[in-house]
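**Q** Sequence:
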Amino acid sequence: MPAARVSEWRKLPVSLTELCIETTLRCGQSFRWRKLGDEWHMSLYGRILSLKQDSTHLHYKATWPAATSTPFTTSTSAKEETVVDDTEELVKHYFSLKHNAAALYNQWSQSDPNFRKKAPKFTGIRILSQDAWETLIGFICSSNNNISRISQMIHKLCENYGPLIGNIGDEAFHEFPTPEALKGKEVDAHLRDLAFGYRAKYIAETARIVSEERPTDWLESLTNPNNPGWGTGHRSGLLRANYKEAHEQLLQLVGVGPKVADCVCLMGLSWGEAVPVDTHIWQIAQRDYSFARVKSSSLSKSMYHSIGDHFRRIWGDQAGWAQSVLFTANLKSFSARPKAEPDPVAVKLQAEVCETVTGEVETKYKVEEDTLVGSMRQFRKRRVSATGGTDLENTTIEQELISVAPRSRKRRRPLRLS
DNA sequence: AGCATGCCTGCATG
DNA sequence: ACATGCAGGCATG
Numbered sequence: 001m002p003a004a005r006v007s008e009w010r011k012l013p014v015s016l017t018e019l020c021i022e023t024t025l026r027c028g029q030s031f032r033w034r035k036l037g038d039e040w041h042m043s044l045y046g047r048i049l050s051l052k053q054d055s056t057h058l059h060y061k062a063t064w065p066a067a068t069s070t071p072f073t074t075s076t077s078a079k080e081e082t083v084v085d086d087t088e089e090l091v092k093h094y095f096s097l098k099h100n101a102a103a104l105y106n107q108w109s110q111s112d113p114n115f116r117k118k119a120p121k122f123t124g125i126r127i128l129s130q131d132a133w134e135t136l137i138g139f140i141c142s143s144n145n146n147i148s149r150i151s152q153m154i155h156k157l158c159e160n161y162g163p164l165i166g167n168i169g170d171e172a173f174h175e176f177p178t179p180e181a182l183k184g185k186e187v188d189a190h191l192r193d194l195a196f197g198y199r200a201k202y203i204a205e206t207a208r209i210v211s212e213e214r215p216t217d218w219l220e221s222l223t224n225p226n227n228p229g230w231g232t233g234h235r236s237g238l239l240r241a242n243y244k245e246a247h248e249q250l251l252q253l254v255g256v257g258p259k260v261a262d263c264v265c266l267m268g269l270s271w272g273e274a275v276p277v278d279t280h281i282w283q284i285a286q287r288d289y290s291f292a293r294v295k296s297s298s299l300s301k302s303m304y305h306s307i308g309d310h311f312r313r314i315w316g317d318q319a320g321w322a323q324s325v326l327f328t329a330n331l332k333s334f335s336a337r338p339k340a341e342p343d344p345v346a347v348k349l350q351a352e353v354c355e356t357v358t359g360e361v362e363t364k365y366k367v368e369e370d371t372l373v374g375s376m377r378q379f380r381k382r383r384v385s386a387t388g389g390t391d392l393e394n395t396t397i398e399q400e401l402i403s404v405a406p407r408s409r410k411r412r413r414p415l416r417l418s
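Each residue of the first sequence is one higher than the one before, starting from 1 at the first, in full-length UniProt numbering.
Please keep in mind that the hints were generated in silico from the structure rather than gathered at the bench. Each residue gets a CB set at the ideal place from its N, CA and C atoms; glycine is no exception. Incorrect hints may have been included.
Derived pair list, reagent style DSSO-like, types lysine-lysine, alpha-carbon separation capped at 30 Å [what the hints assert, rightly or not]: (1) Lys121 - Lys61; (2) Lys92 - Lys35; (3) Lys35 - Lys332; (4) Lys156 - Lys201; (5) Lys301 - Lys244; (6) Lys98 - Lys259; (7) Lys185 - Lys259; (8) Lys61 - Lys92; (9) Lys244 - Lys259; (10) Lys52 - Lys92; (11) Lys332 - Lys301; (12) Lys11 - Lys52; (13) Lys183 - Lys259; (14) Lys259 - Lys121; (15) Lys185 - Lys156; (16) Lys61 - Lys11; (17) Lys156 - Lys52; (18) Lys295 - Lys332; (19) Lys35 - Lys156; (20) Lys121 - Lys11; (21) Lys301 - Lys201; (22) Lys121 - Lys35; (23) Lys156 - Lys61; (24) Lys121 - Lys332; (25) Lys259 - Lys295.
If you anchor each label on the Cβ, the simulated ranges turn out as follows [said to hold, decoys possible]: (26) Pro228 - Lys121: 31 to 41 Å; (27) Glu171 - Ile147: 11 to 21 Å; (28) Asp38 - Tyr198: 33 to 43 Å; (29) Thr178 - Asn227: 19 to 29 Å; (30) Phe334 - Gln152: 17 to 27 Å; (31) Pro13 - Asn227: 13 to 23 Å; (32) Asn145 - Lys92: 27 to 37 Å; (33) Asn242 - Arg214: 10 to 20 Å.
Take the sequences, apply the hints, and build the full model.
**A** And the structure:
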C-alpha cells in the first residue's frame, strides 16, 4: 500500500463535562472504535479518524490513503504547507457538538429527580451522529447480543466486505461496507459461517432491499432536516420525513423492530426524540418511573410506545439523549468504575450500589419471592467487587433482605397502566 | 391485540 | 462434563 497522508494533530476546546470519549465511544452506540494506547481510531468517510482527549481539549487527526484523490489543499497564502480538510467539521458533526450538554443535563435534572440523582457520575455522554446505514446494520446485529460480540461481528463485516483504508501500527482499518456489497445469498451463507447466526439473513436481505427496492439515498432522506447528514451530501429529497415516518419506514425492513428502528432514528438519523426501549430501559421504567411490572417477559407494542411517550414528556425533544445517559449509568460495565481514591469514593459508591440493590430487590420482590435470596447473594457479590473487597459479612442475607424489603413495599407507588 | 415460541452464538454459572 | 440461562430483539403463528 502506498504511503498514507497523515494530518497533524489538531484540537478543539472541549471539557470532559461536554464530551467524554472514553464513555461515549464505549457505551454501545458505535461498534467500530478501537483503542490503541490512549488513542481511539476508526475509519470514517474515507479516512482513519484518530482521537485523544485531555481535560481541556479533544485532539484529532486524519489518515488518508494516498491512492485516492486527496481532499488536502494547500493554502496559497501561507508559505508553509497548510493542511486543510473537512475533518474538523466531521468531528463536530459526529459528536453533535452544536448542542450544549451541560445545559441539557441541567434541564433534565430540573424536570426529573431520578435523572438528577443518577447523571452526575455520567457527564460527557453524547449521542453520536453516525452514518445511517452503518447504524442500521450495527443494531440489526445487536439483537440478543452483547457489545463485545457485536463489535467483533461488525469488524468481520468490514474486514470481509469493506475496502481497506489504511493502517495504524499493525492494525488494518476498512471502510464500512455498502449495501451493494452486503446483498445476496452468498453473503447470507458466508455470514452464517462467520457466526452471525440468524442475523446473517437479516443483513443480506436488508442490504438487498435498500440497494434494489429503494431509491438512491432513501435511507439518508429519512434524516432530521435540522441536522443534515455527512458523506454523500444533503439531498433536497423526496420525503422530508418526520420522526414517526422515519420510524415506520425502517420497520418495513427485515430484522428491524421498534427498538432497532429507534436506535437508527436516534444515532443514525438525528431524531433526538427517539427513545429506544430495550430490556434495560424497560427495567428502569418499572424500577424508577412507576411503570407496571408485568409477568410476561416480553414488552408489548403499546407498552413500548407508552414508555417512550412518558420519557418524551418529561425530557423533551432530546429524550433519547437523556435515555442514553441513564442507560449507560445502568450498564454493568460502567456501574463500578474504578476510581483513584479508594476511601471517600468507595463509601459513596457503596451507598449508590446499595440503592441499586434496593431497587432491584424491589423489582424481584413483586415478581418472584423465591428467588430473593439468590438475588441478594448475587447483589452482594457485585457490591463486593464494586467497592473493592470488603462487605458486611456479619449480616446474614436474610437480615439484609428484611431491612430492604419493607421499605420497598412502603415506597411502592400506584401502577401506571398503559 | 397480546402473548409465546424459535432463532444463532458465546459466555457465565451451577 | 454438561445443562441452563441469558445477552441492549425480531418474525412468526
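**Q** All the hints need checking, so say for each whether the structure fits it.
**A** Now the hints, each set against the structure:
no., hint, result
1, Lys121 - Lys61, "29 Å, holds"
2, Lys92 - Lys35, "20 Å, holds"
3, Lys35 - Lys332, "20 Å, holds"
4, Lys156 - Lys201, "16 Å, holds"
5, Lys301 - Lys244, "15 Å, holds"
6, Lys98 - Lys259, "26 Å, holds"
7, Lys185 - Lys259, "26 Å, holds"
8, Lys61 - Lys92, "13 Å, holds"
9, Lys244 - Lys259, "13 Å, holds"
10, Lys52 - Lys92, "15 Å, holds"
11, Lys332 - Lys301, "27 Å, holds"
12, Lys11 - Lys52, "9 Å, holds"
13, Lys183 - Lys259, "23 Å, holds"
14, Lys259 - Lys121, "26 Å, holds"
15, Lys185 - Lys156, "17 Å, holds"
16, Lys61 - Lys11, "9 Å, holds"
17, Lys156 - Lys52, "25 Å, holds"
18, Lys295 - Lys332, "24 Å, holds"
19, Lys35 - Lys156, "17 Å, holds"
20, Lys121 - Lys11, "25 Å, holds"
21, Lys301 - Lys201, "24 Å, holds"
22, Lys121 - Lys35, "22 Å, holds"
23, Lys156 - Lys61, "25 Å, holds"
24, Lys121 - Lys332, "14 Å, holds"
25, Lys259 - Lys295, "21 Å, holds"
26, Pro228 - Lys121: 31 to 41 Å, "34 Å, holds"
27, Glu171 - Ile147: 11 to 21 Å, "19 Å, holds"
28, Asp38 - Tyr198: 33 to 43 Å, "38 Å, holds"
29, Thr178 - Asn227: 19 to 29 Å, "23 Å, holds"
30, Phe334 - Gln152: 17 to 27 Å, "20 Å, holds"
31, Pro13 - Asn227: 13 to 23 Å, "22 Å, holds"
32, Asn145 - Lys92: 27 to 37 Å, "31 Å, holds"
33, Asn242 - Arg214: 10 to 20 Å, "18 Å, holds"
When each numbered hint is compared with the structure, no violation occurs for any of them.
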